[in-house]
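Start from chain S and add chain H according to the hints.
Number of protein chains: 2
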Amino acid sequence: MRFFEDIAVGEKFDLGRVTFTAEAIKAFATRFDPQPFHIDEAAAKRSHFGALCASGWHTASVWMRLLVAYQRREDDALRARGEPVAALGPSPGFRELKWLKPVYVDDTITYATEVIETRASNSRPGWGLMTIRNTGTNQRGEPVISFVSVAFIERRKKPAP
Amino acid sequence: MRFFEDIAVGEKFDLGRVTFTAEAIKAFATRFDPQPFHIDEAAAKRSHFGALCASGWHTASVWMRLLVAYQRREDDALRARGEPVAALGPSPGFRELKWLKPVYVDDTITYATEVIETRASNSRPGWGLMTIRNTGTNQRGEPVISFVSVAFIERRKKPAP
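So the sequences go chain by chain: S and H. Quick note on our numbering: the first sequence kicks off at 1 and runs consecutively. Quick note on our numbering: the second sequence kicks off at 1 and runs consecutively.
So that you can see chain S by itself, here it is in the shape it has in the complex (with noise of 0.2 angstroms):
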């Protein structure tokens, strides 16, 4: 991670894409999930959506999954440059959570963020708010998935005690 100061508002994060398999969302479902529309193809059939589609906690899940993989993929490339990396502190929640569209088997979700707001943190000297929209968007290009959440990342200058 970037320190506070170095991120601005505006700045874009492509997360990358994930296809949804049937086999990923029954296994998801099955655990976490299991109304039949989500576990069971006939079922779904049947069902208000029509098909099987993936929880959508699934969906956001694999957000945080993308997430961290780009936050590992960051870190590395500061460190091959010889810079610090910034601690990513915990996460207070989120908000306006929107579950768009069902993200139905083989559909490829495209996650994107967006840095909407940054600001020092009262509670914590030595780190900064980072408010961020993320969204997951399908291959015919229609929002899936859009929420905002807020993280804490370390400052570069500590404040003075």
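Warning: the hint list may mix true and false statements.
The list that follows gives simulated cross-link-like pairs (lysine-lysine, DSBU-like), each with its CA atoms no further than 30 angstroms apart [what the hints assert, rightly or not]:
1) Lys101/H - Lys98/S
2) Lys12/H - Lys98/S
3) Lys98/H - Lys98/S
4) Lys12/S - Lys101/S
5) Lys98/H - Lys101/S
Pair ranges (Cβ atoms, derived) [what the hints assert, rightly or not]:
6) Ala27/H - Thr108/S: 24 to 30 angstroms
7) Gln139/H - Lys12/S: 41 to 47 angstroms
8) Gly10/H - Lys157/S: 49 to 55 angstroms
9) Arg79/S - Asn122/H: 49 to 55 angstroms
10) Glu83/S - Arg119/H: 48 to 54 angstroms
11) Asp6/S - Arg133/H: 33 to 39 angstroms
12) Lys157/S - Glu5/H: 55 to 61 angstroms
13) Glu5/H - Thr108/S: 38 to 44 angstroms
Which chain H residues stay away from chain S? Per the calculated CB distances, all over 10 angstroms, these [unchecked claim]:
14) Phe13
15) Thr19
16) Ala22
17) Asp76
18) Arg81
19) Asp106
20) Ala112
21) Pro125
22) Gln139
Calculated from the structure, these hints are not laboratory results. Just so you know, even glycine gets a beta-carbon here, dropped at the ideal spot from N, CA and C.
Relative to chain S, chain H alone:
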């Protein structure tokens, strides 16, 4: 699921409780949130969390599993009494998700839900919208997760077309 008309604001549901084992924490995080403090005890000890703890998406996904199980029990009870079962429609999303405390190994989280708003759907005749506040509380009585979600529920009497 009971029908929309049978659900009242203020109703509370106890969804049950789950103990987060190290094995389950690592299994989820390896797949979806492979940050050191979710997959490696030694690295977690050195992190700001101080010990291995669950991915926030894991804590949220377990809520979904308990909700589905609760609804299944309710459907079974309705059928056993010979009563009709209402369909649960898609969820448009949730808001104000807060991870309030880390969920550490062997913490037992009790999940509960309270109906905070009901209204007929304008966009989908025959359906109502239920807004619920969901919480997870650990064995020390500390809230660890809180969010508000919305779901479509079938109405008992379809309005005239």
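Hints, verified against the model:
no. : hint                                   : in the structure
1   : Lys101/H - Lys98/S                     : holds, 24 angstroms
2   : Lys12/H - Lys98/S                      : holds, 24 angstroms
3   : Lys98/H - Lys98/S                      : holds, 16 angstroms
4   : Lys12/S - Lys101/S                     : holds, 23 angstroms
5   : Lys98/H - Lys101/S                     : holds, 24 angstroms
6   : Ala27/H - Thr108/S: 24 to 30 angstroms : holds, 25 angstroms
7   : Gln139/H - Lys12/S: 41 to 47 angstroms : holds, 42 angstroms
8   : Gly10/H - Lys157/S: 49 to 55 angstroms : holds, 50 angstroms
9   : Arg79/S - Asn122/H: 49 to 55 angstroms : holds, 54 angstroms
10  : Glu83/S - Arg119/H: 48 to 54 angstroms : holds, 53 angstroms
11  : Asp6/S - Arg133/H: 33 to 39 angstroms  : holds, 38 angstroms
12  : Lys157/S - Glu5/H: 55 to 61 angstroms  : holds, 60 angstroms
13  : Glu5/H - Thr108/S: 38 to 44 angstroms  : holds, 41 angstroms
14  : Phe13                                  : holds, 17 angstroms
15  : Thr19                                  : holds, 16 angstroms
16  : Ala22                                  : holds, 17 angstroms
17  : Asp76                                  : holds, 14 angstroms
18  : Arg81                                  : holds, 22 angstroms
19  : Asp106                                 : holds, 20 angstroms
20  : Ala112                                 : holds, 18 angstroms
21  : Pro125                                 : holds, 14 angstroms
22  : Gln139                                 : holds, 21 angstroms
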